[in-house]
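Each chain is listed here by its residues.
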Amino acid sequence: AQKVTQAQTEISVVEKEDVTLDCVYETRDTTYYLFWYKQPPSGELVFLIRRNSFDEQNEISGRYSWNFQKSTSSFNFTITASQVVDSAVYFCALSFYNQGGKLIFGQGTELSVKP
Amino acid sequence: DAGVIQSPRHEVTEMGQEVTLRCKPISGHNSLFWYRQTMMRGLELLIYFNNNVPIDDSGMPEDRFSAKMPNASFSTLKIQPSEPRDSAVYFCASSLGVGQGVQPQHFGDGTRLSIL
Chain A
1 AQKVTQAQTE ISVVEKEDVT LDCVYETRDT TYYLFWYKQP PSGELVFLIR
51 RNSFDEQNEI SGRYSWNFQK STSSFNFTIT ASQVVDSAVY FCALSFYNQG
101 GKLIFGQGTE LSVKP
Chain B
1001 DAGVIQSPRH EVTEMGQEVT LRCKPISGHN SLFWYRQTMM RGLELLIYFN
1051 NNVPIDDSGM PEDRFSAKMP NASFSTLKIQ PSEPRDSAVY FCASSLGVGQ
1101 GVQPQHFGDG TRLSIL
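Chains as they are written, first to last, in my numbering: chain A, 1 to 115; chain B, 1001 to 1116.
Bound-form chain A, shown alone:
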């Protein structure tokens, strides 16, 4: 089965707290790609990051960081010092070269950052 699970449906934090969004994926393929997208209240889907299965190096971009662990099939996303503007639904997605790159999305995690 090819599947993405985001077990956290909703998370609420206070501004400046750090928050980690979990993503667990399932696949028997050895070559695959993982993505994170952000959907703010305005509704559009914004690409955040792409990672392929051969690159387990963690990545940091400003307040955002991603931890990819093949051993646990996880690709978690951490926001450091959260801000109100980070409030959104965040989606993790799985994709494969031999399936044309179509995205298999998790159910999303709704993050609410309160002032």
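Take these hints with a grain of salt, some might be off.
[What the hints assert, rightly or not] Over the 10 Å line for every Cβ pair with chain A, so calculated as not near, a few chain B residues:
hint : residue
1    : Thr1013
2    : Glu1018
3    : Ser1027
4    : Asn1052
5    : Pro1061
6    : Asp1063
7    : Thr1076
8    : Pro1084
9    : Ser1095
10   : Val1102
11   : His1106
12   : Arg1112
13   : Ser1114
14   : Ile1115
[Claimed, not checked] In the EDC-like style, the derived pairs of lysine to aspartate or glutamate whose C-alpha atoms are separated by at most 20 Å in a straight line are:
hint : chain 1 : residue 1 : chain 2 : residue 2
15   : A       : Lys16     : A       : Asp55
16   : A       : Lys3      : B       : Glu1083
17   : A       : Lys3      : B       : Glu1011
18   : A       : Lys3      : B       : Glu1018
[Said to hold, decoys possible] Sample of chain B residues at the chain A side, in silico, Cβ under 8 Å:
hint : residue
19   : Ser1031
20   : Met1039
21   : Leu1043
22   : Leu1046
23   : Asp1057
24   : Val1098
25   : Pro1104
26   : Phe1107
Hints listed in this document are in silico derivations from the structure and should not be mistaken for laboratory results.
Here a beta-carbon is modelled for each residue, glycine too, at the ideal position from N, C-alpha and C.
For this one, chain A is given, so just place chain B on it according to the hints.
Only chain B this time, still in chain A's reference frame:
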């Protein structure tokens, strides 16, 4: 640079009517995807095209749905006849394909469809 452009942004129509959703992908992108977002089913792929050719339409719910891509800069998703359960947000996305690994998809703002 212009992103993916979808029209209309909102559509409200009565059951049984034909609905046409439109998408203009990012220039130079050779893959185009249609997704549907509902509370119950989340984000799911309906169909995707590569170089204007439909590759996988296994996500199209039923024969009432059809999609075309007559050229590299335009695609339509049509529902005929529409039903209340088709109410959802429909997203179009485009990408540079998979030639150098799976490339990120860039999404339009979506069409919020309500069937009464």
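Just pull the numbers of the violated hints for me, sorted ascending.
9, 10, 11, 12, 15, 16, 17, 18, 20, 22, 23
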